[in-house]
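Heads up, the sequence shown is in the working numbering, so the first residue is 1 and it goes up one at a time.
Derived from the structure by calculation, the hints contain no laboratory data.
Note that CB positions come from ideal geometry on N, CA and C, so glycine has one too.
Some hints could be false.
[What the hints assert, rightly or not] Ranges of calculated distance between the beta carbons of each label pair, as one might list FRET restraints:
| no. | residue 1 | residue 2 | range |
| --- | --- | --- | --- |
| 1 | D169 | C111 | 41 to 51 Å |
| 2 | E243 | D145 | 37 to 47 Å |
| 3 | N240 | V78 | 35 to 45 Å |
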Amino acid sequence: MAAWERFLWIHHGRFGVGSLKNERSGSSPSSCGSFQGWEFYPEPLLELPELHLEFPEPLLELPEPLLELPEPSGLRAVVVVNSTSCSVACGPGVKEERVCEVTPAGEHRNCSLLRSRCLRDWICGLQHLAIPEGKPVRLLCLSPDAASLEGPNFGYTWRFSRGLITTNDLLFRPFRNPSPSLSFSPALESHSGTYRCDVQVLSSFQLVKRIYFGLRVIPRDLVDLDFEKSLTWEQQLVANGKEPPGNASGAAGHLGLGIQGFRVGFSGSSAVGF
């Protein structure tokens with residue numbers, strides 16, 4: 001018996017798709033017989049019953065419409081109608097904005113004033129200050145209004161160049177002061193020099209302001225700084241709004257020539273900010 005004949009004989013019952021019959025006697029072969037003269041007759045496949053699926057109707061009917069939207073006529077827009085300029089020439093400052101609701105007809109309602117921060121150029125340059133020894137002095141790096149408004153927090157870094165008025169950053173050394181202002185009361189001659197203040201945003205370390213303060217503390221015995229005492233009699237009359245006898249224009253023209261020394265007009269405390 002050939003191999004393919006043995007395979008069909010062993011597995012023809014498992015497939016269930018046909019049977020072997022003798023073309024003469026119509027009987028099936030035995031395990032010891034031969035497949036010569038036998039033919040394979042396919043049997044009909046199993047017929048499955050047709051399935052009819054029916055879906056029930058929805059149990060709940062939703063009402064229409066589900067949601068009623070408000071009419072567009074009730075919408076309001078908020079815009080900035082007017083704004084002031086920034087309060088500073090450099091660094092963080094303050095500005096006021098007039099905010100109003102605008103109706104679809106273009107009318108302004110419920111207006112209010114809001115204060116917010118503004119930012120200008122971060123370089124502020126060098127600011128000079130001369131003060132007599134013994135007087136208090138305060139250097140202001142950032143105004144309290146700009147520092148107190150809602151927004152990112154600032155950090156302050158001070159550096160000092162002793163005895164020099166300069167903007168060369170290589171000549172500065174760290175100066176411990178974490179606040180936005182620096183005060184000396186009283187001011188001493190050893191405080192003379194240049195102070196540099198950097199303002200940074202703490203969250204991003206962005207530099208938003210840098211300013212230099214050139215401070216000169218003048219000794220008391222160096223020069224007389226009293227403006228009134230340095231004027232002549234005619235110059236005092238002109239300063240008080242009175243006309244001196246004789247050529248008034250000549251006395252007024254020489255008002256600045258009779259001043260003794262090279263610094264005038266220092267009195268009280270001094271404060272510098274930008």
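Hints and how they fare:
At roughly 47 Å, the beta carbons of D169 and C111 sit within the given window of 41 to 51 Å. The given range of 37 to 47 Å is respected by E243 and D145, whose C-beta atoms sit roughly 45 Å from each other. The beta-carbon spacing between N240 and V78, approximately 56 Å, falls outside the hinted interval of 35 to 45 Å.
The structure shown violates just one earlier hint, number 3.
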